[in-house]
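Chemist: Now for the letters of each chain:
Protein chains: 4
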Amino acid sequence: MTENLVYDTYQPTLNELRYTFGGHEPVRGLKPGEVLTLYTEDCFGAAVHGIDDLPSKVCEMPYLNGVTGPFFVAGAEPGDTLAVHFLDIEPARDWGVSATFPHFGALTSTHTTATLQAPLEERVWRYDIDTAARIVRFQARNSDFSIDLPLAPMQGTVGVAPAGGQALSTITSDVHGGNLDTPEIRAGVTLYLPVAVHGALLALGDGHARQGRGEVSGVAVETAMRTTITVDVLKGVTTSTPRIETDDMLMSIGCARPLEDAARTAGADMVAWIAELTGLDTLDAYQLIAQAGDTTVGNVVDPAYTMLAGMPKRLLGGTVIQQGVHDRLRSTPWPPAPGGGAS
Amino acid sequence: MTENLVYDTYQPTLNELRYTFGGHEPVRGLKPGEVLTLYTEDCFGAAVHGIDDLPSKVCEMPYLNGVTGPFFVAGAEPGDTLAVHFLDIEPARDWGVSATFPHFGALTSTHTTATLQAPLEERVWRYDIDTAARIVRFQARNSDFSIDLPLAPMQGTVGVAPAGGQALSTITSDVHGGNLDTPEIRAGVTLYLPVAVHGALLALGDGHARQGRGEVSGVAVETAMRTTITVDVLKGVTTSTPRIETDDMLMSIGCARPLEDAARTAGADMVAWIAELTGLDTLDAYQLIAQAGDTTVGNVVDPAYTMLAGMPKRLLGGTVIQQGVHDRLRSTPWPPAPGGGAS
Amino acid sequence: MTENLVYDTYQPTLNELRYTFGGHEPVRGLKPGEVLTLYTEDCFGAAVHGIDDLPSKVCEMPYLNGVTGPFFVAGAEPGDTLAVHFLDIEPARDWGVSATFPHFGALTSTHTTATLQAPLEERVWRYDIDTAARIVRFQARNSDFSIDLPLAPMQGTVGVAPAGGQALSTITSDVHGGNLDTPEIRAGVTLYLPVAVHGALLALGDGHARQGRGEVSGVAVETAMRTTITVDVLKGVTTSTPRIETDDMLMSIGCARPLEDAARTAGADMVAWIAELTGLDTLDAYQLIAQAGDTTVGNVVDPAYTMLAGMPKRLLGGTVIQQGVHDRLRSTPWPPAPGGGAS
Amino acid sequence: MTENLVYDTYQPTLNELRYTFGGHEPVRGLKPGEVLTLYTEDCFGAAVHGIDDLPSKVCEMPYLNGVTGPFFVAGAEPGDTLAVHFLDIEPARDWGVSATFPHFGALTSTHTTATLQAPLEERVWRYDIDTAARIVRFQARNSDFSIDLPLAPMQGTVGVAPAGGQALSTITSDVHGGNLDTPEIRAGVTLYLPVAVHGALLALGDGHARQGRGEVSGVAVETAMRTTITVDVLKGVTTSTPRIETDDMLMSIGCARPLEDAARTAGADMVAWIAELTGLDTLDAYQLIAQAGDTTVGNVVDPAYTMLAGMPKRLLGGTVIQQGVHDRLRSTPWPPAPGGGAS
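Protein sequence lines, in the order shown, are assigned to chains V, L, G and S.
Numbering-wise (the working numbering), the first sequence opens with residue 115 and increments by one.
Numbering-wise (the working numbering), the second sequence opens with residue 115 and increments by one.
Numbering-wise (the working numbering), the third sequence opens with residue 115 and increments by one.
Numbering-wise (the working numbering), the fourth sequence opens with residue 115 and increments by one.
Simulated from the structure, these hints should not be mistaken for laboratory data.
Be a bit skeptical, because a hint or two may be false.
One copy or two, either will do: identical chains are not told apart, so a pair holds if it fits within one copy or between any two.
Keeping only pairs whose Cα atoms sit at most 20 Å apart, straight-line, the calculated DMTMM-like set for lysine to aspartate or glutamate is [claimed, not checked]: (1) K349 / E204; (2) K171 / E148; (3) K145 / D242; (4) K349 / E390; (5) K349 / E139; (6) K145 / D208; (7) K145 / D202; (8) K427 / D408.
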């Protein structure tokens, strides 16, 4: 496979960013095994540079969270599963921004958790990102307090075109993926998404230099990313909610409100997955996840919250998972060997 | 106005039904003041005729709840409000059907309120509809019990194209309207929707011969309808969530999960509406709705639940509401005078 | 039965108000068929007389919503059902009060729907109550707006001692009843509660001159009441959630969060009740309630929200309901004949 | 301090287990600094020994989750904070049990998330506990699958008497603590609870040999524990929701439904705590927790779900936390030196 490895790059203009999953023509093709380094803009479309750039002033609603793509994946047809492996996610800038955004976040009233209270003050924080030292620096706005936090790059938004001719805002998530906003989508992991249209139409964006689990203010350390992916297609393998595989863990992602329904969606999918992999019956698999699995928060802020049900792979007895695609994609040479692989 | 009244009709083929709000070209234009009698197919696309036609077998997922339209409303631009007045909603058949649908409904686990339990039995009920006697007849499937219920025709699904290039399934609802599934959308009322695209692109469907409040099984007495509407455009009047005006009541509709968020969305909008109409400050308006208003259930089954906040108009002191459009449209001659008005 | 009718009265001092269901000795006995006129204080313990009496200043937390009782019901044992019939609920004052209370209500953040926003302004409204004209008068605080609203007296809080040795705050509700805050608890209806302890230990309070459905500000038109009840015990009839019977309707009450769970609790109980009364199987009963029943809001503000599932009795075919106790208690002579019945 | 250390033990009989927080006389006193090793019975009151002991048959409802205590803490008065430090939590048996319990758990309908579906099969699992090897062994019921899981002993239920004369079931949780069911309550941590009554009346039980995060089946690996605690009282320090301090982390615990409200309760408390410790203003503290804090699941099954908001102590700049009580209690000699300390 490494013989013919193709390494390519793609960078959209701001005008080429897309604000829905579905409803758009592909910007280019992507073959299984091809390695693509793409650029994703931050969730504010590069409009927020500093503390005086209030998002509600400098951004045009609802055009937030623009994604790069969509990419037409050769061979992907409805009923298949798309495996998206992240070889690398690295900040493309040495700074990021965060903000409170009016009526958005876990600790504020919102457009649906509507109250009569005034919104919180809108405030922007700018973070220095040091990719060499692997830190981002928090600097308080109203005091001298500052602290270095570990750099932990991730992609907030990854999805495919949804079923039924829908075009869904990149602000929300559902079975097609979307704004999952969970720190698990980092380099080294494989994300499984259900293909609903010819070519899957993968798109991604919304890089975070880091986020706390829950992303409680609704905005992470937002920055542009250079992200390197490679994909594969699992023919005839259906997927009913997004799943993640890491070297150690399997995770199912539920996207729903209220938050317990996100947990239920994830948990029921993980029970089914464990049962399929181990031969355990449903109740035995339920029992195993209850004692050995984890229910983990993605975000509690987006139109659909996300929760993950996770299970360590070592507890499942060595079965081949998803046709071994994670290990296969994980072994893709990255960075490319000197002098080799350029397209 | 009655001088130039245009009465027209429109009936789509099954292939012309649409399954998203947004993402479609208009099927025809609709001028303010024009009277259009249109045909809406039932939510099953006429595929369920009797108790042996299980929806999960005879329907193709996710193509349920097809709507008629979209109609391009002359003069409607983003930032305006579309007023849709229902002159008439009458069953187009002498029968309707209902069903339990696997993993759909308030008293079953669902795809997001996921459990490990087996789904409920899928079962179909066929109702005779007697438009002369104004009744629908419930006949139990597993006993001789039968009972006549009042015919109360309504349209479950009415909406416009949403903002931001979205194309949203006709199964759900949001600020654009959609699958509101509330019995208030009956003849004699005016529905206000926010225009988000040039021409609004109004579409409607999902007629119910009647439904209980909450629509707890997820499926009403579904039937085809002949529905007569007339529309107007309120230029420069913004709408943030669907509203209804009847001869006696104002209602705001919230679409969200959990159900309390639907109530909050509706309530906050009604407080703002009352304040605007009466000059009450926010807390006085809140107090008035707390004692004199109603929080009412639309549905507790769809992907977005709906709740209504209602206020009797007589308590608001005779202010002109929405430029008087409800009274104006309500006075449209219907049925048309003999010999007059047909296009 | 009218031969031996006993009419009695009971009025507690402020010190005799109780703030939990459970945990208290009975204040007196109450025999089935006896007619008791009791006094209930308003939810603020008579501490709020006018617009300058802010509840957070004049009341001592958490001692709100004090109830009158508990009453030891002769013959009531765990596993029975207590039927509480309301012969009369009349304001004991010619004024009532309402308020915004910090972090309480549907359109504000609360202690559990916690946000970082400042609480709403605390404000009190005083209502004149005219029992002859049957009106309560709303007077805005920040304008001259005023309006007469229909007097519609009801009891917000009615319950028995809960199971398992619990003592539950009178602010919340559960299967034992409690702060149901639903306008259905008015004169002429019968409330069914599950007996969990010897003597049931019935208590009630929190009279409302009226409330909007949902009680969205969290505080109704609060006033003292003279309330006349008579009770009966249904031996061996179990009750799993509070139920109401009126002349026309059956209703099950669900007490839970989120609000859809209150609807589910109520709906599932009503399906079971319909099935029991009509012989319909579960799915047929579910279908009937979906088309002919109602899902109705009690309150969306208390620690447990309440929702009601209602069904018209006339649709159920004339079966005897709860041993006919509602009709029996409803026929109690009230007011007592001149010269007769006083104890 | 170590000079006068008192080491004592307490073991209740089954009849001395308590099923509410509040409503009970103390079983004994507990002085700050005293070290008490107590015995807690499993949540089934030792009635489930093996796979044939179905809890719904062998246990008497609602008497589950019995706690040991309450203990009268000398010097604790309303308005203080009780610090409970866990020196040791060790299984008192070499086996534990788990189960599916009808209508209880995250992946089943429940009494409030009520559906018309049949409950899941009730099934019991017995686990061997090897305290030397620090493992518990899962053995599937319907196959040969078995796997060793790490022993991770914790206490599911810890609380004090609640305010206002309430007596709350040990099945639920609230600001008084209770059935928190979160794996953080393990040896080495300090739990902070608000004192609401004279002497606090601390009680605890419900030991788990381990649980997955979320405890999705509703039942962990339940076993009896020998648990060693020492307490202190923070005079005049108020606590509005339970908090945990470990060597590395601060955590606030929210107890509520829906699950997002548990997250909001925890998050808002942590923002306030961070602001108090660092001098950050509210929005700066919110921003810091959004990027550096964690929102973590306790349980998604109990009548009140639990969520934790956590923050690493090292990010807070070395401030003294809660008067240094965690470090002080953490340094208590345990196990006691040979020959020393016995009472």
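Chemist: Against this structure, judge whether each hint is valid.
Modeler: Here is what the structure says about each hint:
1. With identical chains, the CA atoms of K349 and E204 are never at most 20 Å apart, being 31 Å at best within one copy and 48 Å at best between copies.
2. Within a single copy, K171 and E148 get their C-alpha atoms no closer than 40 Å, and across copies no closer than 40 Å, so neither meets the 20 Å cut-off.
3. In the homo-oligomer, the alpha carbons of K145 and D242 never lie at most 20 Å apart, since the shortest distance is 36 Å inside one protomer and 50 Å across protomers.
4. In this assembly of identical chains, the alpha carbons of K349 and E390 lie at most 20 Å apart only when taken from the same copy (17 Å versus 51 Å across copies).
5. For a Cα distance limit of 20 Å, the shortest separation of K349 from E139 qualifies neither inside one copy, at 23 Å, nor across copies, at 34 Å.
6. Taking identical chains as interchangeable, the C-alpha atoms of K145 and D208 are never at most 20 Å apart, the minima being 31 Å within one chain and 55 Å between chains.
7. When the C-alpha separation of K145 and D202 is checked against a cutoff of 20 Å, the pair qualifies only within one copy, where the shortest distance is 18 Å, while the shortest distance between copies is 55 Å.
8. For the homomeric pair K427 and D408, the shortest alpha-carbon distance inside one copy (12 Å) is at most 20 Å, but the shortest distance between copies (24 Å) is not.
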